Amino acid sequence: MSKILIVAEHADDVLNPSTAKCVACASEIPDAEIHVVVVAANASPIAAEAASLTSVTQVLCIDNPLNVSQLAAIVAPQVVAMAEGYSHIFGPSTTFGRDLMPRVAALLGVNQVSDIMEVLGSHSFKRPVYAGNAIVTVEAPANLPLVATVRVASYRSVPDGGNATINSIEVESQSPEHTRLIELQAGKSDRPDLQTAAKVVAGGRALGSEEKFQLIFQLADTLGAGVGATRAAVDAGYVPNELQVGQTGKIIAPELYVAIGISGAIQHLTGIKDAGTIVAINKDPDAPIFEVADIGLVGDLFAIIPELQAALSG
Amino acid sequence: MDKILVGLKRVVDYNVRVRVRSDGSGVETDGVKMSINPFDEIALEEALRIKERGDANEVIVVSIGSGDSQQQLRTGLAMGADRAILVETSDRVDALTGARIFHKLIDRENPDLVILGKQAIDDDNSQTGQMLAAIWERPQATFASTLVIDGSKATVTREVDVGLEIIEIDLPAVVTVDLRMNDPRYVKLPDIMKAKKKPLEQIPLAELNIEKAVAISQVKFEPPTERAKGVMVEDVAGLVATLKDKGLI
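If you read the protein sequences in the order shown, they are chains A and B.
Just so you know, my numbering puts 310 at position 310 of the first sequence, and the rest follows in order with no gaps.
Just so you know, my numbering puts 233 at position 233 of the second sequence, and the rest follows in order with no gaps.
Please keep in mind that the hints were generated in silico from the structure rather than gathered at the bench.
All values reported here derive from a predicted model rather than from experimental measurement.
Beta carbons: idealized from backbone N, C-alpha and C, even for Gly.
Check the hints yourself; a few may be wrong.
To be verified - Here are some, though not all, of the chain A residues that point toward chain B, as calculated from beta-carbon distances under 10 Å: (1) Ser69; (2) Thr95; (3) Val113; (4) Ala134; (5) Pro285; (6) Ala311.
When you get a sec, could you build the whole thing from the sequences and use the hints?
Right, dumping it as structure tokens:
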């Protein structure tokens, strides 16, 4: 039997949807008992959310004021203190999980499986390499704790409906004084979150300026969509970094992805491969984005967007 | 500070369209252009800028791999690194063993700062820096887009999912860099000539007495599933109709 511990991701007392996706991955492992650990300064509201996730049987809370900061140096030792008895320890492949989980793995003296996209067995998985241009089947040693991150774009959140028990745990933890959180500058937006939005409208460098990128925001608002961007658009300063989609940005899997003025560099395409339907609008008929698009439209985006806007509003 | 250690990994160039070998044993590397991992190049550029500002005395580039990695180290020396260390092995080195190798070199060199790329674009693991920080029991600042050194401290801006996170860390520490930190310089011909005279030390891995970690084994490589061929529409009306058909709007 596998006993799986999932490290909850949260902010502002709310559970991040990445946790429910980790649970979805873990529940594909045969004969698994799934627990969630909430390392937080105020764990109870987060624990209540985690306890309602289908397949979770136990939620463990580590409450400590120092957990206001979710820095890896602070969280990792607490996870490690809990690790005894678990065959698997999972976290999400978000920046939180990618920062934290290798530190957990190293403290446990094991390697890590990054970005699980498919479960083949309790210790056998598929994961993408080379920006998704190859998929490798990996096998982790069965006699060691298995630390992994789950590629969140590959999984749909498990629904609510669980009724796990919630237990408080005391672990000895010291604040590592060598690392101090100064400030978190979170982008404020009322739009759907890029990583969980069902629809995403994204723009590239062809938009030409921060002002003109507003066209993308307006179209997104009409569609009730989140907004994404290419690295080039972020580098050019049209939008902040948290909107970047791709190998080094966010890997997303919306039902609808509308790529506007995006040529389709490999590094960008790797971020949208799991999208349900990809729409590409680009003036260059040879742009690589059309190779992966389900619906393609060649033309000038500055003419097309207002027309599309009108058609959708009408 | 005195020394900065920078890791340079030899990887398939980012412009190469990677192909999986027909026997599934890996990806095609014969005759394929190899380069410094782009994130590592940014790490080196940052180290060189710190040195050029007068905040460090020496930049040491390190690679782990076969003798071929000398090429990437020479490029690093041509960019401006002072000396290079190649830990030589023909075996695949897993992330934890890699971190242990860096840890061993840290014992020897006592750097004040280790700068690495946030991930290598071949295995896309994003692990080595975090693992090194854990076993070295020092701070980690991953996915960094700015790095400001202030005596024995550094302020780092990290690119995280919700935006930017600013942290302060005591040195020594491990920083892993993201794409927007800087634009690496181009190497000029005279620098390539000069780099040939710079020291490049080769250490067989066995000589370091590293306890090898148990690797995650790579059983089989395959190409990703292709998306089904799409349709082209003529105009906005066609696009809207197709989206309606699919129930997406």
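Evaluation of the provided hints:
no.	hint	result
1	Ser69	holds, 9 Å
2	Thr95	holds, 4 Å
3	Val113	holds, 6 Å
4	Ala134	holds, 5 Å
5	Pro285	holds, 9 Å
6	Ala311	holds, 5 Å
When the structure is compared with the earlier hints, no violation turns up for any of them.
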